[in-house]
Amino acid sequence: MLYREAGQFKASSVEDQQIFPILQDRIAVGIVLVFAFVVVPLIGNQYWLSAILTPFLILALATLGLNILTGYAGQLSLGTAAFMAVGAFMAYNFVLRIPWMPILVSFALAGVCAAAVGIVFGLPSLRIKGFYLAVATLACQFFVLWAIQRIGWFTNYSASGVISAQKIVMFDYVFDSPASKYLLTLSIVALLALLAKNLMRSETGRTFMAVRDMDVAAEVIGIRMMRTKLLAFAISSFYCGVAGALYAFAYLGTVEPEAFNLDLSFRILFMVIVGGVGSILGSFLGAAFITLLPIFLSLVSGTVSGVFGVEVSHATLSNLEVIIFGGLIIFFLAVEPHGLARLWQIGKEKLRLWPFPH
Amino acid sequence: MNWQFFLEVLAGGLLAGVMYSLVALGFVLIYKASGVFNFAQGAMVFLAALTFVSLLERGVQFWLALVITLAVMVVLGVAIERVVLRPLVNQPQITLFMATIGLTYVLEGLSQLVWDSQPHGLELGIPDEPMMWLSETANINISQFDLFAALVAGTLVAVLAVFFQKTRIGRALRAVADDHQGALAVGIPLRQIWAIVWTVAGFVALVAGLMWGARNGVQYALTFIALKALPVLILGGFESVAGAIVGGLIIGASEKLAEVYIGPFVGGGLESWFPYVLALLFLLVRPEGLFGEKHIERV
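Residue numbers (my numbering), protein chains in the order written: chain H, 1 to 358; chain W, 1 to 299.
Because the hints were derived from the structure by calculation, they are not lab data. A few of these clues could be false.
With a cut-off of at most 20 Å between alpha-carbon atoms, the simulated SDA-like pairs for lysine to any residue come out as follows [as the list claims (entries may be wrong)]:
no. : chain 1 : residue 1 : chain 2 : residue 2
1   : H       : Lys129    : W       : Arg86
2   : W       : Lys294    : H       : Leu126
3   : H       : Lys129    : W       : Val285
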């Protein structure tokens, strides 16, 4: 009843090709955007904006990047955090060494550097497939972190290897309040998500999906394997690189290379799987789920120990949280292997018929 | 070039490689029989070692502790089959892989919850010191413990080889590895086979846990050795027991040699990534590893 496309006729090819063809979708996206841009900064307090929403958006961007590579082009990668590290440390160096350059250009160039690294470590994908490729991308993860720690230039020869990201300044306006950082992150993420959405329904996206579904068949119908796979690696790493730069500048502030360890790569992969492989919306849902789950768990455990008056030690609590986190992941995979995006799909199908299913 | 020193480093590396092989074996077993890339192997090693050492510290006899730990691993194997694998039959490999990462979190949390997160020392009664006669006659220092570990690994591989080739269950395992549906069609109980294979992997994890625990102490860092086993795996090929051994030897030796001979020029710390890059270069020549099965692609 509410969500029904009946009666929405497309009179021209332009109308038929628009990004959200159904009126209800356009309204929903509009409402979400207005809510995120206007309402959230007004009602959100400092903790929510700077400790939850900003990292959520940044990780969603990285998830989007990995989803382009894994979900759309079918290349499994465990090196996401390394690409983010390249983005973060290159952005730091661009701002440090070329101070007159606008900061957004620095971020973009950092993304380009990450893309270059992605192309280099994507080269093996031309010959290696599946899990062999996944383990091979671990080489990227460990090598990049090692290089950043050992080569002093990246950290401006800081003894501990820790850098302090510079302030974000644009047209003499300093982004230092949580709300301004949140808005900057949101703008970049929204823009890049829109770009990804459009890219994935263009010829490029379709060749990605052809390669994912069966690469030999794709090659036979004339898709250039090398160009397509390397392009997927480049685009994916660009997204991850920008996410890494934002992670350093808008979220962490002071960054050590170890912040981009293997654990972060796994978490982003979790977000892709839980959210939905090969779905833009899923990237955001997955990132929200994995970011909020530990916070929710610690809230619940705090309440439970408060209600029952049981004094549980901190170590026990954190172990319990880890167990529940892992258990929920397994449970989730068993119940809905196609991720949250699939749940959303099913929900839409139901809404189409509701409230008269016959 | 100092040949004696070279030989010493080489031997040390080879023997360290045997330790990697012990962990890689567990991966291979499960991958062969169920096509699951079990990331939780490192956590299983940790759980086994921690259970064993905690029992010892509570005054349980050595052999009794061994039996109890083995029983725990059997229960764990059956439980994993029931809770994790059975609901995920016919899912893509990546989903199963992610499930085992979830399992890693559960096992790590569980073992630290039941026991504690303190590092423990483990004494197996084999001194970790250079053998006298070798260092006297050839002036090469090789630890007695390393040799013992190599012996254990060799025995383990021999036992597993006999198990796979000669016994009824072993043949059933190979049949399942070959073709799930075909195995079901001739009446092999798939679920039992999976439970058995996870149990055997648990046993291998116990052996690896004892060896690594005696070497480095039983502590949380034990879970990271799974990461060391991964390049061994792709170098040797996922499906091959022999590959796990040969891959382990190659990785161990080259890693130590690289650290000693290239390390000083680039500031050290090569061990973290060198095995991966080596395995990667190797894969460029042989994409299915040394002994992995060749995949023929058809449209």
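Pair hint Lys129 of chain H and Val285 of chain W, alpha-carbon separation not exceeding 20 Å: 13 Å, holds
Pair hint Lys294 of chain W and Leu126 of chain H, alpha-carbon separation not exceeding 20 Å: 16 Å, holds
Proposed proximity, Arg86 of chain W with Lys129 of chain H (alpha carbon, max 20 Å): 26 Å, violated
Going through the hint list in order, the structure does not satisfy hint 1, though it satisfies all others.
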